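**Student:** Going down the list, the protein sequences come from chains A and B.
Counted from 1, the first sequence has number 76 at position 76 by my numbering; the numbering is strictly sequential.
Counted from 1, the second sequence has number 160 at position 160 by my numbering; the numbering is strictly sequential.
No wet-lab data here; the hints were simulated from the structure.
These figures come from a predicted structure and were not determined experimentally.
Note that beta-carbon positions come from the ideal geometry of N, C-alpha and C, so glycine has one too.
Keep in mind that a hint or two might mislead.
[Unchecked claim] In silico negatives: residues of chain A with every beta carbon more than 10 Å from chain B:
{"no.": "1", "residue": "R12"}
{"no.": "2", "residue": "A31"}
{"no.": "3", "residue": "L132"}
{"no.": "4", "residue": "E142"}
{"no.": "5", "residue": "R146"}
{"no.": "6", "residue": "A161"}
{"no.": "7", "residue": "P178"}
{"no.": "8", "residue": "P194"}
{"no.": "9", "residue": "E195"}
{"no.": "10", "residue": "P223"}
{"no.": "11", "residue": "T224"}
[Stated by the list, open to error] Below, a sample of chain B positions facing chain A; criterion: calculated Cβ distance under 8 Å:
{"no.": "12", "residue": "S24"}
{"no.": "13", "residue": "S25"}
{"no.": "14", "residue": "L35"}
{"no.": "15", "residue": "R82"}
{"no.": "16", "residue": "V88"}
{"no.": "17", "residue": "G133"}
{"no.": "18", "residue": "M149"}
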Amino acid sequence: MTMTIDHDTLLREAFVARTGPGPGGPGACPAPERIYDAARGALPPGDVREVVEHLAVCPECAEAWRLAAALEEEARAAGEEAAPRPASRRPWYLQPVRVAATVAVALVAVAVVWTVVQAPEEEPVWRGDGQLEIRSLIPEGEALPREEAVLRWTPVPEEDATGTTYDVVMSTEDDPFPMAAADRLEEASYRIPPEVLEAVPAGGELLWQVEAQLADGRTVESPTYKIRLR
Amino acid sequence: MDPTSRTPGGAPPPGPASGPGVPSSQDVEALRRQLVAAVRRTCPRWLAADADDLVQTALLRVLEIRRKREGEAEFSAFYLRRAAHSAVVDEIRRRRRRAEVPLEPEEGGEPPRPADSGAGPDPERLSQARELGRAITECLGRMIRPRKMAVALHLQGHRIKEVGTVLGWNEKKAENLIYRGLADLRSCLEDKGFER
Chain A
1 MTMTIDHDTL LREAFVARTG PGPGGPGACP APERIYDAAR GALPPGDVRE VVEHLAVCPE
61 CAEAWRLAAA LEEEARAAGE EAAPRPASRR PWYLQPVRVA ATVAVALVAV AVVWTVVQAP
121 EEEPVWRGDG QLEIRSLIPE GEALPREEAV LRWTPVPEED ATGTTYDVVM STEDDPFPMA
181 AADRLEEASY RIPPEVLEAV PAGGELLWQV EAQLADGRTV ESPTYKIRLR
Chain B
1 MDPTSRTPGG APPPGPASGP GVPSSQDVEA LRRQLVAAVR RTCPRWLAAD ADDLVQTALL
61 RVLEIRRKRE GEAEFSAFYL RRAAHSAVVD EIRRRRRRAE VPLEPEEGGE PPRPADSGAG
121 PDPERLSQAR ELGRAITECL GRMIRPRKMA VALHLQGHRI KEVGTVLGWN EKKAENLIYR
181 GLADLRSCLE DKGFER
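This is chain A alone, in the form it adopts within the complex (with noise of 0.2 Å):
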């Protein structure tokens, strides 16, 4: 194959130049109208995710995006108004089931606190150069079990805490490509999902990293660190 793939413009090409449905055929696809939306910043934004995480695989729906973006751009050079935005949803907790699932999620926060072994205390932590740093909060040498396997990590300042968000990565050291990931978590802690560890052998090692995102803009990246499940 003669084609190089360093730069970015072959990559787009590319990319723009797919047909055909996504997997799942045409059916699986969003409504036009809902690319619409999303592509106009109109709808709520984990609804905006799912529609870029579908266009990421679907051509077809990548290209209705596309023109979605295009016509808008038309519309505000000729100088139309904007869509409106969305209707305000109902507050979280007249929502029945976003209602039951933050019990659920307490409750088993509460069984989570129980059980964990006593962690370092957790504090934030400067380097020498009065930089901040993040470091990984389980004892060297533990093992995690897998159905129970959170990682803990020093948070932020206080003072930096609010809208500070935190990503983790996690990998395996035979496949450096990520396998599981998760972001805007609001805690310095992260309870893996039993499922993403299917693919880790008893005994056999994950990789992980954090990154923080605070408020004002910085970010802070952890080293990467190791663990071992049991």
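The hints should help you fit chain B onto chain A, whose structure is shown.
**Tutor:** Just chain B now, with coordinates in the frame of chain A:
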């Protein structure tokens, strides 16, 4: 197209619904021009060459629906644009399926060319781009979610800040995820035999 007229200060004429928020024929014509421009910018050459006819067909469909719904909730310019986008997407997909040719060559013959290859200056480049495109799709399918979304929007042509805005991230996070996602993508493509 059914013209819609407004009579400021007067009673609306009989026929199609009129009044505040109802697009005039000038609005519809403006939309037609915007759609044609958008199709020409985003669609393959063989479709873009037919943009006027494609958009006209789609708009007629939308206006027919509007005509049938006269008297219902107001049909704003935004709603018309949204409905027109949907109709154009459907029309593009319909024409594309109609233009699809069998990939297997006839006995003793050369494989027929894809519908748009004849209009392009470099069919071999197009063929290689399609092969790379399929590989990109496979690699994106394996990628972790945040990087997949960041790279998809980046390859769609969005700038870093736009990627962040669409996905609800700050610019630094968007940049990091695009950078790492592209690294993952290139690594995956290398495994598939594409050279750096």
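**Student:** With reference to the structure, classify each hint as holding or not holding.
**Tutor:** Going through the hints against the structure:
Distance check on R12/A: its Cβ comes as close as 5 Å (rounded) to a Cβ of chain B, failing to clear the 10 Å threshold; non-interface status is violated. The Cβ of A31/A sits about 7 Å from the closest Cβ of chain B, inside the 10 Å cut-off, so the non-interface label is violated. Taking the minimum C-beta to C-beta distance to chain B, about 15 Å, the non-interface status of L132/A holds against the 10 Å cut. For E142/A, the non-interface assignment is confirmed: its Cβ lies about 25 Å from the closest Cβ of chain B, beyond the 10 Å cut-off.
Every C-beta of chain B lies more than 10 Å from that of R146/A, the closest at about 19 Å, which supports listing it as non-interface. Under the 10 Å C-beta cut-off, the non-interface status given to A161/A relative to chain B holds; the minimum distance is some 16 Å. Against chain B, the non-interface label of P178/A is violated: not every CB pair exceeds 10 Å, the least being about 5 Å. Its beta-carbon lying about 17 Å from the closest one in chain B, P194/A satisfies the requirement of being farther than 10 Å from that chain.
Distance check on E195/A: its Cβ is at least 14 Å (rounded) from any Cβ of chain B, clearing the 10 Å threshold; non-interface status holds. Residue placement check: P223/A keeps its beta carbon more than 10 Å from all beta carbons of chain B (closest about 16 Å). Remark: the non-interface label on T224/A is consistent with the geometry, its nearest Cβ contact in chain B lying 13 Å away (cut-off 10 Å). Interface restraint check for S24/B: the shortest CB-CB distance to chain A comes to about 13 Å, outside 8 Å, so the restraint is violated.
Checking S25/B against chain A: minimum C-beta separation of about 16 Å lies over 8 Å; hint violated. Of the supplied interface hints, the one on L35/B holds, with its beta-carbon coming within about 6 Å of a beta-carbon of chain A, less than 8 Å. Nearest Cβ of chain A to the Cβ of R82/B: about 5 Å, under the 8 Å cut. The hint holds. Satisfaction of the interface hint for V88/B is found here, the shortest Cβ-Cβ separation to chain A being roughly 7 Å, below the 8 Å cut-off.
With a least beta-carbon distance of about 4 Å to chain A, the hint placing G133/B at the interface is held under the 8 Å criterion. Checking M149/B against chain A: minimum C-beta separation of about 5 Å stays under 8 Å; hint holds.
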